[in-house]
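2 protein chains.
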Amino acid sequence: MDVKTVCLGMLDHGPATGYDLKKAFESSFAHFFAAGFGSIYPALSALADEGLVSCETIPQEGKPDRKLYRITPAGHDALLEALDNPNPSHKVRSEFLATVCFSHLMTNEQIRTMLANRKREIENYLALFEELESACTDERTPGHEFVLGFGKAMIKTKLDYIDRFGDTLLHEEGEQGNTKAQSATG
Amino acid sequence: MDVKTVCLGMLDHGPATGYDLKKAFESSFAHFFAAGFGSIYPALSALADEGLVSCETIPQEGKPDRKLYRITPAGHDALLEALDNPNPSHKVRSEFLATVCFSHLMTNEQIRTMLANRKREIENYLALFEELESACTDERTPGHEFVLGFGKAMIKTKLDYIDRFGDTLLHEEGEQGNTKAQSATG
DNA sequence: CGCAACATGTAAGCGGTTACATGATTAC
DNA sequence: GTAATCATGTAACCGCTTACATGTTGCG
Numbered sequence: 003m004d005v006k007t008v009c010l011g012m013l014d015h016g017p018a019t020g021y022d023l024k025k026a027f028e029s030s031f032a033h034f035f036a037a038g039f040g041s042i043y044p045a046l047s048a049l050a051d052e053g054l055v056s057c058e059t060i061p062q063e064g065k066p067d068r069k070l071y072r073i074t075p076a077g078h079d080a081l082l083e084a085l086d087n088p089n090p091s092h093k094v095r096s097e098f099l100a101t102v103c104f105s106h107l108m109t110n111e112q113i114r115t116m117l118a119n120r121k122r123e124i125e126n127y128l129a130l131f132e133e134l135e136s137a138c139t140d141e142r143t144p145g146h147e148f149v150l151g152f153g154k155a156m157i158k159t160k161l162d163y164i165d166r167f168g169d170t171l172l173h174e175e176g177e178q179g180n181t182k183a184q185s186a187t188g
Numbered sequence: 003m004d005v006k007t008v009c010l011g012m013l014d015h016g017p018a019t020g021y022d023l024k025k026a027f028e029s030s031f032a033h034f035f036a037a038g039f040g041s042i043y044p045a046l047s048a049l050a051d052e053g054l055v056s057c058e059t060i061p062q063e064g065k066p067d068r069k070l071y072r073i074t075p076a077g078h079d080a081l082l083e084a085l086d087n088p089n090p091s092h093k094v095r096s097e098f099l100a101t102v103c104f105s106h107l108m109t110n111e112q113i114r115t116m117l118a119n120r121k122r123e124i125e126n127y128l129a130l131f132e133e134l135e136s137a138c139t140d141e142r143t144p145g146h147e148f149v150l151g152f153g154k155a156m157i158k159t160k161l162d163y164i165d166r167f168g169d170t171l172l173h174e175e176g177e178q179g180n181t182k183a184q185s186a187t188g
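As you go down the protein sequences, you meet chains C and D in turn. Just so we're aligned, residue 3 is where the first sequence starts under this note's numbering, counting upward by one. Just so we're aligned, residue 3 is where the second sequence starts under this note's numbering, counting upward by one.
Any given hint could turn out to be false.
Identical copies look the same in the list; a pair holds intra-copy or inter-copy alike.
Stated by the list, open to error - SDA-like mimics (lysine to any residue), calculated; alpha carbons at most 25 Å apart, straight line:
no., residue 1, residue 2
1, Lys69, Ser41
2, Lys93, Met156
3, Lys154, Tyr43
4, Lys65, Ala50
5, Lys158, Asp79
6, Lys25, Pro44
7, Lys24, His106
8, Lys25, Ala129
I should point out that these hints are in silico values taken from the structure, not numbers from a laboratory. These numbers were taken from a predicted model, which means no experiment stands behind them.
Produce the entire structure from the sequences given, and follow the hints as far as they go.
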């Protein structure tokens, strides 16, 4: 399942432009499937080439023409086929946790800053989720409901864990830390 | 923070071969930073080229010579510098959650299978964590302790969420689903 | 008899990120 | 005045995955 397939799935819900899809990637999909314009536009072109979507060009003045994409019957079939994967992946790549593994080489200040920044980012997601929850309560599929709840449960656990155990990463003054003196003697 | 940097951090803990590092990536780092031989060996070569690690070749019979890598003072400095990032990323890419978003297009059987498989994968992590916890309780840094606990908290939340809300994805018989008849009429 | 563990590497390819290119309108 | 929104696209690059290539030892 790549960006192309997710675009196809989004279009199954209704016609949209690349710009519209970007907004979906930034809101309801943000916490588990990021994609930028550099992925989305080529994906839509490729889908159109394969006949899985059709494209209606809507002229505009002062802006590039809008390109409204619509899923085709062939596209819908392709989507069902892509969805027929019994083992979809769930991958995490965390510089944060990797950094934490080596936090004994950092100063307490570096650690505190890093934890605070991570918390801030998590709280941004929380705000996003609450916004999503209030918007368009109708016409939300059980899938979206599930994913939203899943995201919320995850970030609550993360926030709670950092609050409880963040301090265990700190060390006694002078005991450790990333200092020039240390690195020179080390 | 790429594979190279993580290798450097692992080597700061003690000399190791590429094969050894692979085992670390498969155990304590598995849940947040995957890497295969195709990334690790080139990373070690590059680190050696840059003088951040040294390499001792240990002849063997019947197998390729072991190459034992050791971090250099320059490598340690480079590690500290890489660790001085106030905002390390934490990225999730989940085909699973994307699929769930479109689960109204799947049959109940497909959904059940997918959920069961995900649960199985999560339980494998749980087993891995318990194994890690029992092994080498000494010489584990606070960082590793934190990351292990973080991983456990995450998967417990995931498992619990799927158990509680997995059923909400299922639909009435005949209501929905990925059938040929449907896709032909759709 | 086959599989897992040990041990290293290369090369093609893929998919996504980032930066670049353009430009009007509207809200603060 | 300056930022955000609207709106599309290309091209270089980067880093990781996958497949290939090779071969022994030991366990069940």
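Each hint tested on the structure:
| no. | hint | result |
| --- | --- | --- |
| 1 | Lys69 with Ser41 | within (16 Å within a copy, 40 Å between copies) |
| 2 | Lys93 with Met156 | both (14 Å within a copy, 13 Å between copies) |
| 3 | Lys154 with Tyr43 | neither (30 Å within a copy, 38 Å between copies) |
| 4 | Lys65 with Ala50 | within (22 Å within a copy, 51 Å between copies) |
| 5 | Lys158 with Asp79 | neither (37 Å within a copy, 36 Å between copies) |
| 6 | Lys25 with Pro44 | within (16 Å within a copy, 38 Å between copies) |
| 7 | Lys24 with His106 | between (40 Å within a copy, 22 Å between copies) |
| 8 | Lys25 with Ala129 | within (16 Å within a copy, 39 Å between copies) |
Hint compliance for this structure: hints 3, 5 are not met, and every other hint is.
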